[in-house]
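Using the hints, build the complex out of the two chains.
Protein chains in written order, with numbering that gives the first Met the number 0: chain A, 0 to 363; chain B, 0 to 517.
If you're looking for bench data, these hints aren't it; they were derived computationally from the structure.
Glycine included, every Cβ here is placed at the ideal spot set by N, Cα and C.
Only true hints are included.
To be clear about the criterion: a stretch of chain A counts as covered by chain B if any three or more of its residues have a C-beta under 8 Å from a C-beta of chain B, and this derived list gives those stretches:
#1 215-225
#2 230-239
No farther apart than 27 Å at their CA atoms in a straight line, the calculated lysine-lysine pairs in the DSS-like style are these:
#3 B:K30 x B:K190
#4 B:K128 x B:K159
#5 A:K248 x B:K273
#6 A:K249 x B:K326
#7 A:K249 x B:K378
Between beta-carbon pairs, the in silico distance windows are:
#8 A:F357 x B:A401: 24 to 34 Å
#9 B:A401 x A:L20: 29 to 39 Å
#10 A:G344 x B:R120: 42 to 52 Å
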Amino acid sequence: MTRDRRLAWINGLLLPLFNVLTAFLATAVVFLFIGVDPIKATKILIYGALGYDEGLGYTLYYATNFVFTGLAVAVAFHAGLFNIGGEGQAYVGGLGIALVALYINPALSAWILIPLAISGGLLFGALWAIIPAYLQAYRGSHIVITTIMFNFLASALMVYMLVHVLREVGQMSPESRNFPEVVWLPFVHDVFAGFGYNIAKSPLNLSILVALFFSLLVWFFLWHTRWGFAIRATGKSNDAAIYSGINPKKIIVVTMCISGALAGLVGVNELIGVQHRLFLNFNYGYGFGGIAVALMGRNHPVGILIAALLFGILYQGGAELDFELQNVSRDIVVVMQGLVILFCGGLEYLYRPLLIRFLAPIET
Amino acid sequence: MKNSHIAIELIDVDKHFGAVHANDKVNLSVKTGTIHGIVGENGAGKSTLMSILYGFYQADSGQIKVFDQDFISTNSRQSIEAGIGMVHQHFMLVENFTVLENVILGSEGGALITESLEKARIELTRLAKEYGLEVELDVAVEELSVGMQQRVEILKGLYKGAKVLILDEPTGVLTPQESDELFRIFEALKKQGVTIILITHKLREIMSITDYVSVMRAGKMVAHRQTSETNPEELAELMIGRKVLLNIVRTEAKSGDPLLIASNLEIHNEQGIKRVSEVSFEARSGEILGIAGVTGNGQGTLLKALAGILPLSKGSIEILGETISPKKSLNPQELRNLGVAHVPEDRQRMGLISDFSASESALLGYQNDKEINQGVWLKRSLVKANCESIMEAFDVRPINPALKSSNFSGGNQQKLILAREFERNPQVLIIGQPTRGIDIGAIEFIRKRIIEMRDAGKAIILISVELEEIMSISDRIIVMCDGEITGTVDAANADEATLGMMMANALPSDKQITEAQL
Chain A
0 MTRDRRLAWI NGLLLPLFNV LTAFLATAVV FLFIGVDPIK ATKILIYGAL
50 GYDEGLGYTL YYATNFVFTG LAVAVAFHAG LFNIGGEGQA YVGGLGIALV
100 ALYINPALSA WILIPLAISG GLLFGALWAI IPAYLQAYRG SHIVITTIMF
150 NFLASALMVY MLVHVLREVG QMSPESRNFP EVVWLPFVHD VFAGFGYNIA
200 KSPLNLSILV ALFFSLLVWF FLWHTRWGFA IRATGKSNDA AIYSGINPKK
250 IIVVTMCISG ALAGLVGVNE LIGVQHRLFL NFNYGYGFGG IAVALMGRNH
300 PVGILIAALL FGILYQGGAE LDFELQNVSR DIVVVMQGLV ILFCGGLEYL
350 YRPLLIRFLA PIET
Chain B
0 MKNSHIAIEL IDVDKHFGAV HANDKVNLSV KTGTIHGIVG ENGAGKSTLM
50 SILYGFYQAD SGQIKVFDQD FISTNSRQSI EAGIGMVHQH FMLVENFTVL
100 ENVILGSEGG ALITESLEKA RIELTRLAKE YGLEVELDVA VEELSVGMQQ
150 RVEILKGLYK GAKVLILDEP TGVLTPQESD ELFRIFEALK KQGVTIILIT
200 HKLREIMSIT DYVSVMRAGK MVAHRQTSET NPEELAELMI GRKVLLNIVR
250 TEAKSGDPLL IASNLEIHNE QGIKRVSEVS FEARSGEILG IAGVTGNGQG
300 TLLKALAGIL PLSKGSIEIL GETISPKKSL NPQELRNLGV AHVPEDRQRM
350 GLISDFSASE SALLGYQNDK EINQGVWLKR SLVKANCESI MEAFDVRPIN
400 PALKSSNFSG GNQQKLILAR EFERNPQVLI IGQPTRGIDI GAIEFIRKRI
450 IEMRDAGKAI ILISVELEEI MSISDRIIVM CDGEITGTVD AANADEATLG
500 MMMANALPSD KQITEAQL
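The shape of chain B in the complex, shown without the other chains (with noise of 0.2 Å):
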């Protein structure tokens, strides 16, 4: 029996990034010929594992073994040799090749090129018709849908002679038609005795294509499953994890007007990609909205046009007495002397400035106030007394205004941004990711002052992976998967379970809990 082999098999495999433990004694068994799904969380540590499968990194202990034979890659040549060919989620394609010189690159074989095409056309060609994988071999890789090239990738691998596939979250940038067609290929493929092993957070790809899933969280290997004795709930709450909240002490909420009023969104990205659609909501004074989603879903691109970083492509956002809509839009000075305040997602990029001091840090975007300029001089000395002043209301340390930004801990970098937004008494408050990566201490902390922020009759529109920390925190919560919003929960109702399928829209229609009290 072809199923009995093991393809691949992972023994206690450990791997650190300097404090960070990526992957903790990871036991994984992959049977040949199967769809092995493994799922978790972005940061659980599956792409770290499929690197070290493909030798981008080395493993610190552990045992890894592919058909039985022990094996150290080092680099991605000594995983092609032994059969593993990976399909990345960002496509390693020379866009300007023919797809018939992508395929051959690594393996051109000979000072000419002429003989490895020939022979390559031929083998291409057989592959294709068995595979049902069938591509123009002389159209250059530009020129093709993103699903084409995703099956030159494939191609790629088979030509290479993979026998296991791996896919990173292959349907990511894939339309649901081109989706299916890719499922239909790895049905092909499979019959023909490829293993295929599919990284994914997308439950529904999990529970509908694959034989067997492997959940992992926070570097560890926490359950495996045969698909068909597994359901989305099951895997929703092992990926998520019942982590203890933090114990938050907060009064009902007493929520207020609306101050901010989105509708009918539809933004672009930096790129000109639609990340976010048809999303209405409303943010109230006094009250915490929490929006919740799997990193990627829109929530970012969401967040950067509440701030006016991003313009909007559709809908309008009303904003303590002016409207934002896609004619007229208000950039972030004009939007910070307003009154709202925004916490970026990523500090060390567009938070702060690593390469200056702190002072200076805690200067940006206020930079233009009247009170420090006097003139064309900026005076620094009360840059300095203003940024020592909050960095004592918030704790921050050390009290060192000269400090280089980048020497300052995650959690005194947040806190002196969240200082620097907090102070100037904003109405709406817009934060990302306030205590992604910090410590413990400073993570109750800062929640404990957004909370004091709401009851101080602000309007507080909070994004955060942490499902955890939406829960603990929010008073209502929306979930956003794929750009659109999936579900609108009132925070005291909301379990992990249900916010989980949310994430992955996987919440069969009539459980979808509609408008709650929005």
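One chain only, chain A, in its complex shape (with noise of 0.2 Å):
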């Protein structure tokens, strides 16, 4: 093997399994400090998210959420840009879906709603990143900043839209009416269910084949086209994107508009494949999580699959280990999410030099 191979593997799949691993470490400390025995919370929490159809289900659903937001965040990152904003877009994005579910007529085809409601959740995902984009390209105002500002935005959007606009009159909590059925995604134990199998009831949908679908488009979108072409030149050199003739401005605001698009697809899951109606927080915390699923990830999209299924795991497993132990709460996933960040991303190249001295050494 070249060392450039090596160094390649190092990169792809050492790198990131050893701070993985790293993080577990660090948790199994959590654990032992907080008096639960690490051994049998694993146990608990692989036999949870992975160990029965239902727990597998759930694992699946959550992971969903991840793709999405994973690949908005790689797709920005791929420009250079640090998309925080994921979690904003998700939110807005699940209101594009919501109108077009609520307010186009229900008396068409679901292969006309489905993909339509899917398309208000690119839109007003995609629209929600465009002002932070403008500013960054043309003001200078750094992408970082106006995206955790616009995260704030959205949630006043959105109780603003949920309490003033949306809200069913007669009813008290801060919700829509329920989507008309047609819009629904079917759930897969459904699906399953049509081809005769029998599988436990779970909120996994369809939507999983639309981040399929989506992970495949943004794999041939960054590499096999022109513009994806154009992205990663901007990304990695200014100076050469600006030579080859690309304007970097337009590059960004296009860019990010794919990746607000992207995590505008949260919803998608969220709303017409399990809850059927829009609802405040619906969101929560997965536009945080794709950061950390990207940079795990190494924002390639078969890395964001991974890491997306990883994190479902945490997720549903966490919320396992709060069922089954009595001094263990939900917020054990925080924690681990937390680690993984900061082994994944703060400290990604922890063990890049003893690997490199190891594995490759310079050849002399």
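Structural data, given as structure tokens:
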């Protein structure tokens, strides 16, 4: 194996693996500290997430959301942009989906309505990213700051929409009426039942196919189109991009729109997939989780699918831990997530010098 | 006698950066109370040498004496204590601090600032009087002119007790009037016994202000002279050196119609600073037009404007039937479509993307070509195949389109860029520093290819800091200094000394070669 190839393996596989393992070790220390047997906890977590139909269903359902936000962060990252606004873009994207679901004639076929609803999510997510993108490109306001601010604006907007516009008359809680059944995405257990297989009920729905489709699309777009080339060139070298006739400002705006659009798809899973209505904070935590997923997945769709699955396992397994163990609350997921971000993001290259020294020493 | 003392003595100082021999057994002795100039081209090792004195780098070997004391400096504080002060080319000032605050930065002393501020105020007022360095002390530095900021730097050095001041290209950022003012200050400092080391590549300054001058070339100290006993011609020759011209066989140019006509160009760089003014020339088919000049005299900016990266502020460029003006610019993509190829000066940052594979770097600028795009699909296998064929044509080694661009040697990277730009059959070629930092074999290959393009009837504009390169392959040479054209020469009549003088804009006016058959 050439040194190049070895370096690629180290960067692509070994580093993330070591980082995740370190994060788990640190989690084990936390467990010991609060008096929980880490081995027992691991067993519960793994079994809860993967051990039976329902758990697996939940795991994949959570993973679906992380795929969308992970892709969103990754696309922006390839243009050298750090999109922290996935949270808000997912939220507002949900509004787009809900508006289509609530206000377009329900007599139309699902084959028209569902793609329309998905487009609504894409469009509103993109719109929510376009202002920070414009400010970054043409006014030099840092995208990290503006996207964070837009997360708060999104919250305020959604509260307003749900309280004053979309709430049903006579209804106390701030949520919309139920969507017409025609826009509901089928649950996977129903699809299986249609073919005669009975599996346990879970929120897992056909959004997972949407997520896989968009993963493929992002991969194709970034590496097999001239626009993807322009985005990656801009992300790697602004000077070289300008030299080749690419306008980095335009790239920033376009890329952020794509990124926001992808984040806007969280609502496909949550709203037309599972809850069938719009409600407060359906997006909670997925936007930020997507950052960790993209970091861990090294901004490649394949890596993101794997990382999203891991986060799905953590979410579902964490819920089980909460249920099974008295002195563990669901917040342990946040701790684990935090440690994964710390070791995969902040300390990304912790083991790199070591791995290089042993596995790919510089040839003299 | 004060002058008999030696302020700074360097004995066999040696410094390597990897394979680069930045300082090769340098000897220098600077007498106390004199102004000592150090001249040399960019990259000759002047700045490295001064950085060793100031403690930024440590010499690999050799000995340094400051006022007859052995001296080893590992940080700037030690150098300051030994009495060495430095005024960098780019000022080291905190913009939103006042002058007073800037001066005491690094020597605050004590927990409370008021006391040291007051002490500094008294001392600075005294220094200002003594050396004629009046500056308002309570104004924020950002509100001062560049010349004033430089004074603050000098004051800072003096306040910290500097007896030797090192100034790195101090007039680079100054107007002529400010420069005169600076020289007046130098005289005052000298009278008070301060030793000044002036690093510059402007020969006029050396001649008008220094007592002694030392010349560096390619890391070596090649000559020491008493300024009164030398002349700019000799210094220019020493600076540039007489290198053997690479033996390039070439026929007489058959120049044809002008393909690019630039008239009265004025161009501002990315930071909005005017770098080019009143530049006019034309580039004809079948001819190589060389643009010579010391780095940073506007050639780079001119190159970028010709390639569509920077807009024009004034003037116009007629190019292959289109006209570029301040109102109508063409972007690099449009120029490429028109038949203009551009080899950028900075191949690492602009010419290719180090993290990309060779085939992707070879695609840069041509990613929208019809032949490799089918609808939305970029045909990567075709891109690879194209890359492989141009790598073969230009002898880029290894022929591996999947290899990361950064893993190619400098020469092979440059060949890849040239291959990319030449193989599309452009009509006008704009080439910056084609052979900077690459090995001899590649240099010869690249020059041959450039001449082949000329013989194929292309118009070529070549910018290089290597005078030898300009002379060996250009047909006509224009020289730039300070953003203006200081001379135009037919390559056949050009000699290094004259060009060197033009590069420093030090040519006496009666010898100015004017518009030799433009």
